[in-house]
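Student: Fit chain D to the supplied structure of chain S, relying on the hints for placement.
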Amino acid sequence: MARVRAAFEAAAAAGRPAFIAYVLAGHRTEGESLAVAAAALAAGADILEIGVPFSDPLADGPTIADASRAAAAAGMGLASALRLAASLRDQGFTQPLLAMSYRNPVLAVGPGAPRTMVAAGFDGAIVPDLPAGEDLAFERSSRQAGLALCFLVGPNSDDARVRTVARASTGFVYVVPRYGVTGARQDLGAGAVDLVGRVRRIVDGRAPVAAGFGISAPEHVVALAPVADGVVVGSLLVAAVTHAGPGEAPLRVGDEVRRLASTDSYAKVGA
Amino acid sequence: MSGVLEQLVEASRRRAATDARETPLNDLQRQVARMPTARRFEAALRYSPQFAIVAELKRASPSAGQLPGLGPGLEAARALARGYAAAGATALSVLTEPTRFSGSDDDIAAARGVDLPVLRKDFLVTPFQVLQSRTIGADAVLLIARILPGERLETLIGEAARAGMDALVEVHDESELARALDADATLIGINSRDLDTLDVDLPRAFRLAEAARAADATVLLESGLATAEDVARAASAGAHGALIGTSFLRHRDPAARAKALVGDVPTTGARHRLPPFPVRTQVKVCGIRDSKGAVAARLAGADFAGIVVAQGTRRAVGPDRVAELAAVLGDGPRPVLVFRAPDEKDVRDLVAASRVRAIQLAGFEAPPEWLPALAGDLDTVIGVVHPAPTTRAALRRAEAWLAAGATHVLLEGADRVAGGGAGAEAPFDMARRVGRMLPVGIAGGLNPQSVAEVVARVRPAYVDASSGLERDGGSDPRRIARFVHQARRDPTGADRVDRHGRFGAFGGRYVPETLVAPLAELDATWREARRDAEFWRTLLQLQRDYVGRPTPLFEVPARALDEVRGAADGARLFLKREDLAHTGAHKINNALGQALLALRLGKRRLIAETGAGQHGVATATVAALFGLECVVYMGSTDIARQRPNVERMRLLGAEVRPVESGNGTLRDALNEALRDWVASVQTTFYVLGSATGPHPYPEMVAELQSIIGREARQQLVERIGRPPDVCLACVGGGSNAIGLFRAFLDTPARLIGVEAGGRGDELGEHAASLGLGKPGVLHGAFTMLIQTEAGQVVEPHSISAGLDYPGVGPQLAALAASGRMEVERTTDVEAVAALRWLTRECGILPALEPSHAIAAALRLIPDLPKKSIVVVNLSGRGDKDLEIVT
Chain S
1 MARVRAAFEA AAAAGRPAFI AYVLAGHRTE GESLAVAAAA LAAGADILEI
51 GVPFSDPLAD GPTIADASRA AAAAGMGLAS ALRLAASLRD QGFTQPLLAM
101 SYRNPVLAVG PGAPRTMVAA GFDGAIVPDL PAGEDLAFER SSRQAGLALC
151 FLVGPNSDDA RVRTVARAST GFVYVVPRYG VTGARQDLGA GAVDLVGRVR
201 RIVDGRAPVA AGFGISAPEH VVALAPVADG VVVGSLLVAA VTHAGPGEAP
251 LRVGDEVRRL ASTDSYAKVG A
Chain D
1 MSGVLEQLVE ASRRRAATDA RETPLNDLQR QVARMPTARR FEAALRYSPQ
51 FAIVAELKRA SPSAGQLPGL GPGLEAARAL ARGYAAAGAT ALSVLTEPTR
101 FSGSDDDIAA ARGVDLPVLR KDFLVTPFQV LQSRTIGADA VLLIARILPG
151 ERLETLIGEA ARAGMDALVE VHDESELARA LDADATLIGI NSRDLDTLDV
201 DLPRAFRLAE AARAADATVL LESGLATAED VARAASAGAH GALIGTSFLR
251 HRDPAARAKA LVGDVPTTGA RHRLPPFPVR TQVKVCGIRD SKGAVAARLA
301 GADFAGIVVA QGTRRAVGPD RVAELAAVLG DGPRPVLVFR APDEKDVRDL
351 VAASRVRAIQ LAGFEAPPEW LPALAGDLDT VIGVVHPAPT TRAALRRAEA
401 WLAAGATHVL LEGADRVAGG GAGAEAPFDM ARRVGRMLPV GIAGGLNPQS
451 VAEVVARVRP AYVDASSGLE RDGGSDPRRI ARFVHQARRD PTGADRVDRH
501 GRFGAFGGRY VPETLVAPLA ELDATWREAR RDAEFWRTLL QLQRDYVGRP
551 TPLFEVPARA LDEVRGAADG ARLFLKREDL AHTGAHKINN ALGQALLALR
601 LGKRRLIAET GAGQHGVATA TVAALFGLEC VVYMGSTDIA RQRPNVERMR
651 LLGAEVRPVE SGNGTLRDAL NEALRDWVAS VQTTFYVLGS ATGPHPYPEM
701 VAELQSIIGR EARQQLVERI GRPPDVCLAC VGGGSNAIGL FRAFLDTPAR
751 LIGVEAGGRG DELGEHAASL GLGKPGVLHG AFTMLIQTEA GQVVEPHSIS
801 AGLDYPGVGP QLAALAASGR MEVERTTDVE AVAALRWLTR ECGILPALEP
851 SHAIAAALRL IPDLPKKSIV VVNLSGRGDK DLEIVT
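For the record, the sequence lines run as chains S and D. Going by our numbering, the residue at position 85 of the first sequence is 85; the numbering climbs one at a time, nothing skipped. Going by our numbering, the residue at position 810 of the second sequence is 810; the numbering climbs one at a time, nothing skipped.
Bound conformation, chain S alone (with noise of 0.2 Å):
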């Protein structure tokens, strides 16, 4: 949990926001998400979302969704997940981890889920299909294994609600600046800036605030710079990978990761 909570501060030291990149295990094999998520990493990522394979992922658009299908299909699901997070806690990267999963398969494993996670590196959750307040069984194991939860919030979300998941997320709070799944997408969609505004100013420090869904492009990153702690960047490596070459994917990646994240982009663009 304090691990999470570190990592933004860092790069609030540095004055950018942190840089969350989200990698899909067993996106096309195990092997090849490991090198994904170990190149995301080391191009600067300060966060890593390791999104678990499902049959029917709902909240996300097809590039996501397609491949999440896919792996799930190829017998990938939260076993994959934990294998992806310990390997990348033996090869020494000491980055927060957040697992990324419907309900279902975290379900699957038992009441112990949070226990699991935790002991296989895991430092949050992130579970698209579960809202603030509706498994408190579930909020309460997690603080108690101290798997940091994550919980989002959208552009009708009120301001009592946002108290509400503000007291609920133990990591940050996920603002998704837009109605819709996942995607990357040209533009940043009217209001998100003022959205993510808004909910800063309501969660009052009391967990940092990232910003994701369809972000894809520098100008965004820098958008978005002056009121979120952090943004998420998932479909445009998803895509990234779907897209690469053999034994190409891990470059890319990391190429993506280094022109969204690193402060010498994000002041170029800015100036």
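Check the hints yourself; a few may be wrong.
To be verified - Looking from chain S toward chain D, a few residues come up when the C-beta cut is under 7 Å (computed):
| no. | residue |
| --- | --- |
| 1 | A35 |
| 2 | S55 |
| 3 | L58 |
| 4 | A59 |
| 5 | G77 |
| 6 | E134 |
| 7 | G146 |
| 8 | L152 |
| 9 | G154 |
| 10 | A160 |
| 11 | T164 |
| 12 | G180 |
| 13 | A184 |
| 14 | Q186 |
| 15 | V193 |
Said to hold, decoys possible - Estimated spans, in silico, between C-beta atoms of each pair:
| no. | chain 1 | residue 1 | chain 2 | residue 2 | range |
| --- | --- | --- | --- | --- | --- |
| 16 | S | L136 | D | T155 | 58 to 66 Å |
| 17 | D | V279 | S | R140 | 31 to 39 Å |
| 18 | S | D158 | D | R600 | 19 to 27 Å |
| 19 | D | V829 | S | D66 | 48 to 56 Å |
| 20 | S | T94 | D | E6 | 36 to 44 Å |
| 21 | D | R30 | S | H243 | 33 to 41 Å |
Unchecked claim - Over the 10 Å line for every Cβ pair with chain D, so calculated as not near, a few chain S residues:
| no. | residue |
| --- | --- |
| 22 | A11 |
| 23 | T29 |
| 24 | D56 |
| 25 | R83 |
| 26 | Q95 |
| 27 | P111 |
| 28 | G121 |
| 29 | Q144 |
| 30 | D255 |
| 31 | S262 |
Simulated from the structure, these hints should not be mistaken for lab results. Note that beta-carbon positions come from the ideal geometry of N, C-alpha and C, so glycine has one too.
Tutor: Then chain D, alone, in the frame of chain S:
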């Protein structure tokens, strides 16, 4: 304690402490309180017609080391459980201890795959562990006297009883047996192995068995029995059964060993006549003494009405008035003559004079010796058991009543001398324990306010009240009505949605955050509309003029049925003709109601998912009626097999969006519709087609469909004067099933959900989420799901597109879990045969979906009592399926 035992206890204590940090005790208590009634472990042993074998699943033991009979993994445990069941085991025992026995809590769930009660064997030392045993699926727990000193043993026996489980108290010597009996244990396990020395002493075990049996306990021998001779000696020592583990498991094929042994066990001879456990709590309203009270009991739908004839008590009715009151009750509640310690002659005279053939006998310590001769002439004999010093004594008395010819046993709070009806509280904890063995009722201190909670806590077969139903000394019709209603509440909460959107454990709102606010808005709109008379007026008018309701209730002619039922006075089969509703299926009931809600919310765009196309057609139809935009998501596989409906939707002006992902069936269409809704929620109303999805959809759809059952009930009452005995409906998502069943939840009717058995029971070959799935989250609800071990949803199979769905509505999941609804499966082949049969015999072409229910009804009918009334929801017509079946 020896070193090994001490280590095991210490490890158990540590595990409990870790678990207890994650789940507070009162959370666990709440969860357990709403769980379905556990399978009856002790009763299975005590009333087994032959010496019972409890077969054990364990991978290793400190005395035997690794055992070859059970390998690692849950699949191995599941397979062995199946093997033991097929071998004829009476119950299963599962070692969950992880450090020395290589067990796990999940093994319990694996063992529950077969329909046998499951004992959890572990080194339990805290109340938390006992409760937690129930949550992981145990029906009984092992409590080892040796490791539970002082009052701890009694505390844990009580905890197990309150959690609705049986406690097997393990003893090894005379002093432990004495402690167990003092702690009010009813089920004694005699371990012939000394836990300290690991030596086995069978002669001593047999001596202990005799002593325990003499104290009216149920007796199980543990350890050391291997041969048929051992078993024969155990049986002659009075043991009801033996728990056998190592001597099966040291072989590669333990199930074969079990089968050989079960084939050799002696029969136990005398067997109690066991009345069945009713599917829902029965209610007796006692102390009826005027026609106002009798009318109230009849209107409330009570099962029994007690007329007190014990003279000298306040509610007593003179013999001359009994027949008059019975006449007012009519064919409603069965009248019962309530006596207190009567002479045989009094009883015979009054029965003869009043022609009431049901009696209740209170005031006896034991059944009178004249009862067996009289009981044969009566329909109902209720024997009253007054407070007993121990649970074993209460159980023995209850058994004595049944052996003497009683059909019911009532545990009363009042003692034998003071008499009932004064409000002395029934001994609830003892009643719960006796009630796990036999279907007993409770009386004493019950009233309309408390009865639902007491029923949930005690789970009695029936409840009885008198003083709690009176006001100013007379029957109070409102209290009687409320009491009957509250007593029949489902103890697991399966009959109603709670404020968290759950039916028992199932339901909820597992959705992306963007849908939280719109679902809350929908819920508020729905609740407001429900209270709005104008909404219902509009809806009912459209149901009449546009849909064509009420739909007929058609009785299958005798000519068609006689071959099936074998006798002219066999069961009668009625079809609720939803196929005659506009658009040809029940789906329009729901689509119409939701479209009215969309208009209320000012949303002009409707989206829907569809499987067979029936719900898509219904939604496109109401969109046309109200001039709304309509997009229907339909899997590409379904588009190919349900062509006519696709054309209809297009003609109606809807856009049909093919969904290519997955297998292109209903589930993929639902995913896609939800994705659309997440993005378009500000302008779009999602017309969900089944009683599935996030709250409030399951409740809302069920309510909109419940018109099916309400009509059927009224039609039956008008035609034959009573509700049905059996209701059947097919279950995919389950909207037609819940639509029929809701009206009958508080009646004694059997409710049977029929799932698609497809091509077989292997994963991927069926769509039987209730029968073959396990709990999980899909499409916004916690429900039963066809999935892999790792929680991946598996593509189901059914010949019928409308049933081809891996989940099921949460209320049906809850009703199946609570036991209120039975679950059956019909295969593809059987469904097609039933479709042909109905078409040929009655000239009605049903859709493939309800053909599953018809097939199940035809299978059931030959075994039903004469003149049973069976209702099948004929949820849609079969024109769309012509290509598949011809």
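Student: For each hint given before, does the structure comply? Return the numbers of the non-compliant ones in rising order.
Tutor: 1, 7, 10, 11, 13, 14, 15, 16, 19, 21, 24, 27, 29
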